[in-house]
Each structure stands twice: as C-alpha cells, then as structure tokens.
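Chains as they are written, first to last, in my numbering: chain A, 664 to 1139; chain B, 22 to 330; chain C, 47 to 360; chain D, 41 to 351.
Please keep in mind that the hints were generated in silico from the structure rather than gathered at the bench.
The C-beta atom is built at its ideal place from N, Cα and C for all residues, glycine as well.
Accuracy of the hints is not assured; some may be wrong.
As the list claims (entries may be wrong) - In silico DSSO-like links for lysine-lysine, alpha-carbon gap of 27 Å or less: (1) A/Lys773 / B/Lys171; (2) C/Lys360 / C/Lys160; (3) C/Lys160 / C/Lys208; (4) C/Lys324 / C/Lys353; (5) D/Lys120 / C/Lys256; (6) C/Lys256 / C/Lys316.
Stated by the list, open to error - Covered stretches of chain C (chain B as the covering partner; in silico rule of three or more C-beta atoms under 8 Å from a C-beta of chain B): (7) 222-231; (8) 254-266; (9) 290-303; (10) 338-350.
Listed below, chain by chain, are the residues.
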Amino acid sequence: MHSAAAAAAPIVALTDAAKHFGAVRALDGVSLSISPGECLGLVGHNGAGKSTLVNVVNGGLSPSAGTVAFPASGAGSALGAGVRSVFQELSLCPNLTVAENLRISHAALKGLRWRGQAREEIAQALDQVFPGHGIAADAPVDSLSIAQRQMVEIAIGFAPRGTEARLVILDEPTSSLDAGIAEQLLSHIKRFCAAGGAVIFISHMLGEIFAVATRIIVMKDGRVVADEPAGRFTRQGLVDAMGHVAPDAAAVEAARSFGETVVTTPEGLTARRGEIVGLSGLAGHGQAEALARLYLGATSSWRAPKAAPMVFVAGDRGRDGVLPLWSILRNATVSILPRIARRGLVDRAEESRIAADWKARIGIRTEDVTNPILSLSGGNQQKVLFARALASDAPVVVMDDPMRGVDVGTKQDVYAMIRAEAARGRTFLWYSTETEEVCQCDRVFVFRDGQISAELSGADITEERILSASFEMAEA
Amino acid sequence: MTLFARYRILLPVLSLAILLAATFYMQPRAMSYFGVNLLFNLAVPIALATIAQMCIIMVNDIDLSLGAFVSLVACVVATFLNDTPLLGLVILLALVLAYAALGAVIHALDLPAIVVTLGMSFVWGGLALFILPSPGGSSPDWLRTLMTVKPPFVPMAVVASVLIAGITHLLFIRSGLGTVLRGVGGNARSVARAGWPVIRLKALAYGCAGLFGVLAGMALVGLTTSADANIALRYTLLSIAGVILGGGEFTGGKVSPVGAVIGALTLTLAASFLSFLRLSPDWQIGAQGAILILVLTARLLFTRRDAQA
Amino acid sequence: ETSDKRIALSNNYAGNSWRQAMLQTFEEVGGQAVSDGVVAAADAYTTSENQATEQAAQIQNMILQGYDAIILNAASPTALNGAVEEACNAGVTVVSFDGIVTAPCAWRIAVDFKAMGREQVDYLADRLPEGGNLLEIRGLAGVFVDDEIHAGIEDGVAAHDKFTIAGSVNGDWAQEVAQKAVAGILPSLPEIVGVVTQGGDGYGAAEAFKAAGRDMPLIVLGNRQDEMAWWAEQRDANGYETMSLSIAPGVASLAFWVAQQILDGQEVPKDLVVPFLKVTQDTLDEALESTPEGSVANTVYTLDDAKAVIAEAK
Amino acid sequence: MKLLHKPWLWSWVAAAAAFALTVTLTGGSGASELAYAALSFGAFAAIVGLGQMLVITLGPGNVDLSIPATMTLAGTLALKTMGSDPGTAWLGLGVAILVGLGTGLANFTLIYLLRLPPIIATLAASLVYQSIAIWSNRGLRIKPPEGLADFATGRFFGISNVALVGLALSVVIWVLLERSVWGRWLLASGQNLRAARLAGIPVEAVRAATYLAVTVFAAIAGYLLASFSGGAALNMGTEYLLMSIAVVVIGGTSIAGGSSNVPGVWGASLFMFLVVSMLNSYGAGAGVRLILTGTIIIGIVIAASTRRATR
Ligand SMILES: Nc1ncnc2c1ncn2[C@@H]1O[C@H](COP(=O)(O)OP(=O)(O)OP(=O)(O)O)[C@@H](O)[C@H]1O
Ligand SMILES: Nc1ncnc2c1ncn2[C@@H]1O[C@H](COP(=O)(O)OP(=O)(O)OP(=O)(O)O)[C@@H](O)[C@H]1O
Ligand SMILES: [Mg+2]
Ligand SMILES: [Mg+2]
C-alpha cells in the first residue's frame, strides 16, 4: 500500500520550512511531503511545533524561510489545493447554525436555495463521519456541547464543499471527544485515506496514532527527529523519540485510607480528604456542569478569603482559564494574591519566587516567566493553569478535563504531582474524557444524562466497567 | 420559557404589542389610520438608523458617529440633493464609500472602532456645520411626497417598517453573503481561514451601515422638510438601544434586523406613551429612562441566562 | 369663549435656569387660567434631549391627544415644519415663541435677535469711545439663535470700525463651557476691552478673566441673577458699569395668552414681536430684587399685555 | 526604544504640540497662563476620565454614561445643602460623595440584578438622575460658600488646587492598579470575566466597586466644578459624556479591557483642552474646529496602534 501512494505526486511538499517568532524557533527547517492515501501521524511534546507546522502547511502562517508547494494540484494556495484544517482551538462561528457554518467555508454555495443544499451537505458529512450523531443542521452552534462542536468542525473538514478534500489536517481533534466518538472518527479517517485522501493527524494519545497512521513523524523543538512508516515504531520507541522518559504507567496503589467526606453534591458526588475522585462517562453528559456548579457554589463572586476553599483547573483554556494580556507570571499567581499581599498590596518578590518555583517544578517551556502567556504552546499554557491551582493551599482541587493537549511526558509528571498532593491530604475531583486518566483515580463516578449512573472504586475501575455504565441506560 | 430562548424575536414583538395596547387604551384616538401614522412616521428614520447601527454591531464594532452622520446626510439632502440633485447624489455616494473605507481602515490597522467613530462624529459634525451653519434647506419634493404618501388601508409608517424589516432580513439573515457577514462577528478568524477577505467584508458591513445611514437621513428630511447640523445627534444612542431592545447583542454577531426595526418602533412608541400619561414636567425626562429600564427588564423575566459566571 | 379649549406647551429643553423659569411661569399662568375657567387645560411637555426629531414626535402626540392649540419653543426653526404642518392640517393652532418656526401656518412671537447683537456693540461704542479689541462668546454652533445674534454683532462691528473682534469662542450657552473656552483663548489674545455675549455666559467670562489676572473688560451680561449679583458687587466695589439684556422667560405666558386669543376667534397677525428685557445700571437693583436667587430676570405677561402686543402688530 | 511603546506617549505628544502651536502664536507670552488654565480645566476631565477608565478596563461593553447626570446631581444637591453658608464645605463634599455612591449603586443594581447592558442601564438611569436634579432645585443656581469657591479657583505653588486634587486621585488610582490586589483583580476581570471568576476572583465585588468608583469620581468632579464656576447648573455635565470616553481611549487605555493607563488620561485631558484653545486662538470656526479635533483624535489612535503593532 505504501508504494502505490508514493508513486503519485505529493499533495504538499515542504522544503526546509522554518518559522521564527522572535527568538523562538517554532519551526526550524522541516522538509516533508504527503502523498495521496497517506495518513500521517504527527507527535511531539508540547511546544514541539506541531501546530506551527500545520499553520505553515495550510497557509495560516507564511514561513520565515523555505518553501511550501502543492505539486499534485499545482495550485498556489492551500485552499485551492484542497487542503482543509480542523484547528486545535475551536473555530466555528457560534452565532450561526451548523449549516450556516458550512456556508462560511463553502463559498460556492449560492443562489436562493443555498440553505437547503447546505443542510443536506452537512447532514451527509456528519452521517458519514459520526453515524448517529444527533446534531440538527439548523441548531445554532452555541447551543451545542463542546464535543458536538468538534464533531461539526471535523464534518465540515471532510465535507465535499464544491471541491474535493485532498488533505485534511486534524490538530488534536479528539481532545474533547469521548472514546466512542473518537473511534468513529478513526475509522472514517481510514476509509478516507483508503479512498485516496490524505490526513495529517496530531494527537497526544499514542494509541490513536498507532490505530490510524500509516506513517509517523516525531517532532522535537521545531525539527523532525523521526519519520518512519508506522509499523516501525513501538510505543516505547515513540516516547523515546519524543524525548521523554516516561515512567511505567503507575499502578494504582493499594487502597489508601482517606479522611472525612469534604465534598457532597446534590447529584450524589462525594469526595473524602486525600482522595482522587474521577468523573467519567460520555462527553457532554453533565460532568463539566456538575463541577462548575460545585466550584461556583463553594466560592463566592463577592468575597475572596485568604485561604480559598477550592480551586479550579480549566480545560477549555481560552474560555475558562487564560488571561490573555498577562504574562506567564501573573497568570500563574492570580489565585494566590490575597495570601501573598500585605495591606492590600502585592508582594512582588514573593510572587516572582513562587512563579519561578513552579516553572521549574512543572517544566513550563519558556526562558522568562515575564513573557506573555500567549507565547506558550497550548500544552504549556495548560501547565500554567495547573501551576495556578497547585500553588494555592486550597484543600479541594476541581479539574475540568485538565489534560487537554498535554503531552505524554508531562502527563506522567502531573499524575505524580497529583498523587503526591493527594497524599498530603488534598482532595481532587477530576473530570476526564480519557479513560487512562480516569484509571488514575481512587474512585470514579460515571455520568449519564446529567446523573450518576455508577460509582466504581479500586479494582472495579476498568475501561469496560466505565463504558458499560456510560451506555447502560442508553440501551434500555 | 425555552420558547423565548429559541425564538428571540418573540420578546421584542411582545413588548411592542403590549405597549401598543396600552397606548391605544390611553388614547383611543390613536387607533386609526391617521393616528397610527402620527405615532410611527418618525420611527421610520430611526428604524433605518438602527439597521445601520446593527450592521456595525454585527461585525462586533460599535458606531458612536451615526447620529452625526445622519445629521450630515440630512444637511446634504436638504441642500445639495434639493438644489443640484446630481451633485447631491454624488456626495451621498461618496459618504457611503467613506463609511466603507472607514471599515477597511479600522480592520487593516486593527483600530478600536469606538474611538475612530468617536473621532468621526466630530468630523461629520464639522462638515454638517459647513454645509448648514444655521438651520435651513428644504426637502426635495419627491422625497416629501414619498414620506407623506397615503397608501390605502395601511399607513405609510407601517408599510415602510414592514418593508425595511423584510428587505434587511433577506439581506442579512437569509442571503449567503449576509450569513458570512454575521460570521465575521461570530468568529472573524475562522471566516478568514476559510479564505474570505475579511477586510472587504468589514468594508461591506460598514458600507451597508453608511447606506442605511444615508437612507435614514433622507427619510428624516422627507418628514421634517428641512435640516440642521444637530438634527439627528440622538440617533447614536437611540440606534444602539434599538438594536439591544430588538434582541441583538453587542458582541458575537447576534443581531436581528426584524428585531432592530421593532426596537426602533418600541422606543418611539414608549416616548408617546409617556406623553399620554401627562406627567409633571419635572419627571418627564426621568420617566423616559424608567420605561427604557422597564422594557428591557422584560428580557430578564423571560430569557433565562446561564447561571454560570 | 375658550373655556373648553385645551392648550399644550411643547418645550425642547429643560437643562438651564431660563427654561426652568419659563416652565414655571407657564405653570403659574396656565394653572391660574384653568382654575379661573378661561381654558380647560394647560399642560407642559418637555423632551429629554434638545433635539428636533424628538420634539416633532411630541407635537404629533399632541395632535393625537386632541389639543386645540400648541405653544411651541422650537428646537429648530425649520426642522419641525413637517410636524407643525400636520398639526395645522388637523386644525390645531400653533403659536411659536423664542425658538420660532418658519411654517407659514404657525404664529410667531419673535425676538429680534439680530437687534440684540447689534445693540450690544452700539452700547460698547457709546461706553468705549476709543474702541479696541472685543471677545465674542457665541452659543451652540448650528443653532438659529446663535447665528442671528452673531450676525447682529458683526453688523455692529462693521458699523463701528473702531472695534475688532480679536477672538471668538463657542460657550454653548453654558457657563462652565464659556469659562473654559475663554480661559483657553485668553493667553493668546491682546488686551480685550469688551466682551459681547449671548446671555448666560457673562459670569463665566468674568471668572476666566479674573483667574488669568487680566483687567476686567466691559462684559455685556444676560440677565441671570448670578451675573447681576456679580455686577452689583463690582459696581459697589469699583463702579463697574455695564448692561444686561435677554429675552424674558415669561414670554411663554405671552404665547399662552396669544393662543387663547386666537382660539377665542380674535384676529391675530402671524408675526408678533416681543421686546427683549434690558437691565441697565439704573434698573439693576430693582431687577436683582425681583429675581429669585439663581434664576433669571423675568416678566410675566398678562392678557392685557397680549392684547397690547396684538394691537401694536395690526 | 522602550518609551516609544508606551501607549500614553501619543496623547502627551499631541498635547505638547497643541501647546507649542498656541504659544508660538503669541511669541511665547502667555505660556504659563495657558499651562495653568490647561491644568485646571484638564483636571475635571481627568477626574471623570479616571473613573471612566476603571469601568472601561472591565472589558467590552462596560462604560458609564451616567457621568454627566451624576455630576449635575451631586453639584446641585451639594450646593443646595450648603446653601452658601460658610464652613459647610466638608458637609457638601460628603453629600456629593453620597450622591456618587447612590447613583453608582443604582447603576450596578440595574446591571447586576436586571442584567441590563451597562450602556443602556447607565443611559436610562442618567435620565432619572437628571429628573431628580431638576425636581430638587428647579435649575436655581446657588453660590458655593466663599471659602470653598476660593479653594476651587485658587492655587498652591502656582498649580491650581483642582489640578492638585486630580493629581492626588490619580496617584491613588495608579497605586491601586499597579500594586494592589484589587487592581490585579480588576485587570483580570477585564480580560476574561469567566476565567477570572474561575480563578477565584470575586468578580461581582470588583465590578460593583468599579461602578461605584466611577460615579464617586464624577460626583467629586461635579462638586468641584460647581464650586469652581459659581454654582451648579442643570447642564453642567453635558460635555463630559463624550469627553470622559475620549480622554480614556486617546490616552491609550485599551477599549478591549484588561489594561489601563493613568498618565494617558492626563495627556488626553490636557490635549482636549489645548486643542480647542489652539483652534480658537487661530480663529477657526466651529466647523473647522470639529473636523480638526476629530481628525487629530483618529490620528493619535492610529499612531498609537501602529506603534503597538511593530512592537
Ligand atoms: N504567535 C506566537 N508567538 C510567539 N511564539 C509562538 C507563537 N506561536 C507559537 N509559538 C511558539 O512556538 C513553539 C511551537 O508552538 P506550537 O503551537 O507549534 O506547539 P505544538 O507542538 O502545537 O504544542 P502543543 O502540543 O502544546 O499544542 C512554542 O514554543 C510556542 O511558544
Ligand atoms: N464592544 C462592545 N461594545 C459595547 N457593548 C458591549 C461590547 N461587548 C459587549 N458588550 C455588552 O455589554 C454587556 C456587558 O458585557 P459583559 O462582557 O459583562 O457581558 P456578559 O454579562 O458576560 O454577557 P453574557 O452573560 O451575555 O455572556 C453585555 O450585554 C455585552 O453584550
Ligand atoms: Mg498545538
Ligand atoms: Mg497541544
């Protein structure tokens, strides 16, 4: 299968492409070509330059050096060459309906009946990629859950839109999808490539990469460090190539003892002192809402006590976490200001000390913590949000899918940090779309339709048990 | 309740209906062809100005110069368009293009629209003073005839409002290009990524605002028969209030042309309703504020907002 | 016989003491007339902003409310003509005063604003035989009254060529604005011998001159109580001498009686002229005494005054 | 060049240019007079501008249109309470501040409880305040007590007292914004209200405090202005509606929220006074004056923004 693909002219060819942001070499001389029928898995640590590579390919950024060409179509622009992108951060127009969003990327839809055509086309695309999706073409996007939006965006990426999609770039498309939906996407990618399309698939979930990629590229610090057919990699080999020495997936320790119950919610969610409680189930079934309610209920919009009772780690960075005008330093310390203030004034020496400490502890990739937070890659921004929460002494930490876009190596570090903090008596409530993370927990609540459908603990926490609890009532 | 969330237009319609019923109850004389026309004819230029403001709010900007612009247009219409129609037309066209250029500049240099339009309000005002240092001019006859025409059964004001609402609905909600324009307000980046020249879209939105501003100025002169440099200054705030009353939002490209027209009618009617109440002069001004608050509070009663921060 | 007739006052602005005095006079005179059974109603309406469009709507509402006469202090002499014509067509009598309208069907009780400007310069010419530089404080740009008074002042300066207008600022008829504008232009001006104003901004100008440490020029005042009090103070201290002139807010009562006469079927010419109210050095104490603190010098017109004004115009 | 990147630079450059142009007209004489006038009148704009700046820092859509009405109401009620009696200056100040607190509280109640957009809420509320001012005093102009009037028009070491009050308030605001926890909270809320709330910031308290601060500042300005100009008038605040917004944005504060700029407010306030003085001095009519003022405002914004972009 490989030789057939290689024979055709590549859809896109990069030669020595580089992109510099000031001193940062986000992309440092990459040569790469993608042929029809290929599914390219792209992996690398946070800030390796994956998103930058994608933006150079699709024309969003022009390279500082080197060239980007589209030999197969001979077109001058990515759009003309049939290159489509699904971006790491959601990029639909929330005020428009699903069908209207298709119209944005499908300029050829014209005439009086364009609405009907758009509806039909998007419905078809959704049916094809995500059978049984349950998304109406006339629904305004802002009424959809984050997973549904991601699905719409992927469907628009694959939709015919007048011309044919030759290369679809998916930048961490599964980060907010649950396992079942992600599975649907993976099988669609396989079908698409088999039919002669090409895909660049970026993910930090190595399992997914192995499941779909025909070729895997590993990036590190703006360079390609490995580029081989998928079959030549093992999981460990991949992790080594990325430059992380991942500790063995830590086995859950034998049942620990916990303190008194410190959290109870109307849904029946409980957590004890020192416990790591997971929230699982299909995406969009009320886990995030339950956590937000819990957090907003426990804290006040009117008072900020010196010792906060609870802190929050956001997963949807842009919406819930990052303060975009500020430096890394100020973003990291914003939650602990009352504690480090004297007579209402911030103690700036203490602040710098704490920020430097956490930069080291959590490995934020930056030279200077006074750089703007937006100069960090997605995953590194996420680490800042972790630092913000862990730096406070709040006894309860609420985490809303906090590992979105965090690379494998960092994840392991963070898991360890969480366990250490839990051992010191902190309680964690952790919603995740990834079963692997849920398995790190002491106790797991599975959500379905906004209610708890199962409570698992200890050895019961297995992928099968969780999946069956997620679907149980659906089948009934 | 979800009914109101789903059909945002219901609420503006309902507030207008209630206010209208109250007005008719207070002043039965208003319930006639003649009465309805008197109640609403001055709402026609306001409705057009509100649509103009909506075009700007649609792309996430706000226009603080609209009132001054409509005043300038009124001065041009009452002088040049009346005396030398061709020159007048050229000037009006130039004004529309100036608005479009403004949109392009704001986008290209990434300027805050609120400041640029604040500055432009001085410029428009100064130009208007040049044209009409003191009130005067007169409406072209055809315009006066058009604005005072008496169609059978339904008064001009109602016909005009329905036409404005219908046409702008087609233009901004139903049409493909209108959808893309709203997309610019929703997420300009994704529109740009889809290959649209956002700068031209912004220019188009501003150009539309300029066009409707010009129409507002013309309608106004047709009704008042003459102009002065300060004639429409209050349209700036009135148009913003109209867009919001009509269910629009300041950011995110959420606007409704039909709602905007209804908002303009509601604002006009609210003032009439108050004058039928015959309050003491001390409180007449305050009552206008109170009724604005009241009508908007209805939004709270019906549309439940996310409890989240 | 007008005991069943209803009269409304359409007012476009309430934001200064002149307008407040006007509203108060109308309330007193109108209220008295209602309780005497002369008319059935005399209601005052004020718009929230000083805008012709809003006032046009107000007039249209008055038509709907079935008033028999509307007396009108207009935001614009021409921009209300559409609404005024609607009113006339509906059989409503429209009497405009102070801010008059040009619609042919309406009555006008006008002040000769041009003469007001001219008289100021004439007075200065009298008092300052050797002439010199003048500072002009104008009102709100783009408004009819401002243009008229300004034209009168220009006429006056043309007639007395010993005067030149060294500087001109817009004071928007607000004391704070005038004070600020004068303070801003003063540093660049040569010696000023006289200040011509449009009323209500003389005190602001005086404050600005004082703050700049300049010699106090001859400032023509505008009948506000605080201006006159300042004048009296200066007079007592150093013999300061000037004059003050403006239209009396009580002209609303004149308009009321004129409207009543028209409704009564009397023959009334369309154009009436009302003299402005002038305060001189001799009448200063008298005027100060009769003006409430913080208000404006006023004259209340009676039915007989109205009849006299009508007779004079015939 | 670090200086060239300061957002407040351009308003100061423009103010200096307007000053120089006016002074050249007279060949240098009157410079100190002009500077004194600019400082004292600029101070009123700066005081209301500082308040408006805090509100604008709260992010898009946050603006207070009730400033003129609050100034008028505070001036009116304070002067009515004092009634020209000597020794009542502090009482009057207290009344003015109470009025500011009252209108701010009312504004925020509309914004918070009724969830009205601030533009509309403050606009509508200001009509009510205007009515209260009319009703309470019928437009009568009461003179301030003599001592207070002397203070308001007086000077100390050659700088007008009003400007000194303005400068003192500016220093307080500057320290709050740059150093205090409250300032951090305000700046964070302005960037992303939801994220700020989830980071544990008491965002409603911050918003409430800000909406109270702006009206208190407006009230103080109204009190001073009424004392400065010999009494409160119903229209005394009118010109500060656009002025308060203009000085904030010309001064380089981002309208998108989350960043604010105290020196810029002063530069812009001086500029707004000096540009009118300059154009008046050159004999420009109202039309020319407006057109040039508008053009210069846009010019400053463009200059400031292209600097930002090349950073
Ligand atoms: N606009 C920008 N300005 C400055 N630096 C940038 C900018 N965009 C990206 N960078 C830097 O370029 C590097 C590569 O970032 P990129 O977003 O491509 O990483 P990534 O591999 O996608 O990481 P992640 O997995 O965390 O999304 C990072 O160090 C980042 O800080
Ligand atoms: N650029 C803008 N100009 C004017 N008004 C704006 C602007 N952006 C937002 N607004 C409006 O100002 C109001 C307050 O803004 P704020 O950011 O606090 O909204 P919000 O209360 O968070 O909105 P929501 O709850 O609807 O998401 C909102 O009604 C918003 O629509
Ligand atoms: Mg990335
Ligand atoms: Mg990532």
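Evaluated hints:
{"no.": "1", "hint": "A/Lys773 / B/Lys171", "verdict": "violated (38 Å)"}
{"no.": "2", "hint": "C/Lys360 / C/Lys160", "verdict": "holds (22 Å)"}
{"no.": "3", "hint": "C/Lys160 / C/Lys208", "verdict": "holds (20 Å)"}
{"no.": "4", "hint": "C/Lys324 / C/Lys353", "verdict": "holds (22 Å)"}
{"no.": "5", "hint": "D/Lys120 / C/Lys256", "verdict": "holds (25 Å)"}
{"no.": "6", "hint": "C/Lys256 / C/Lys316", "verdict": "violated (46 Å)"}
{"no.": "7", "hint": "222-231", "verdict": "violated (count 0)"}
{"no.": "8", "hint": "254-266", "verdict": "violated (count 0)"}
{"no.": "9", "hint": "290-303", "verdict": "violated (count 0)"}
{"no.": "10", "hint": "338-350", "verdict": "violated (count 0)"}
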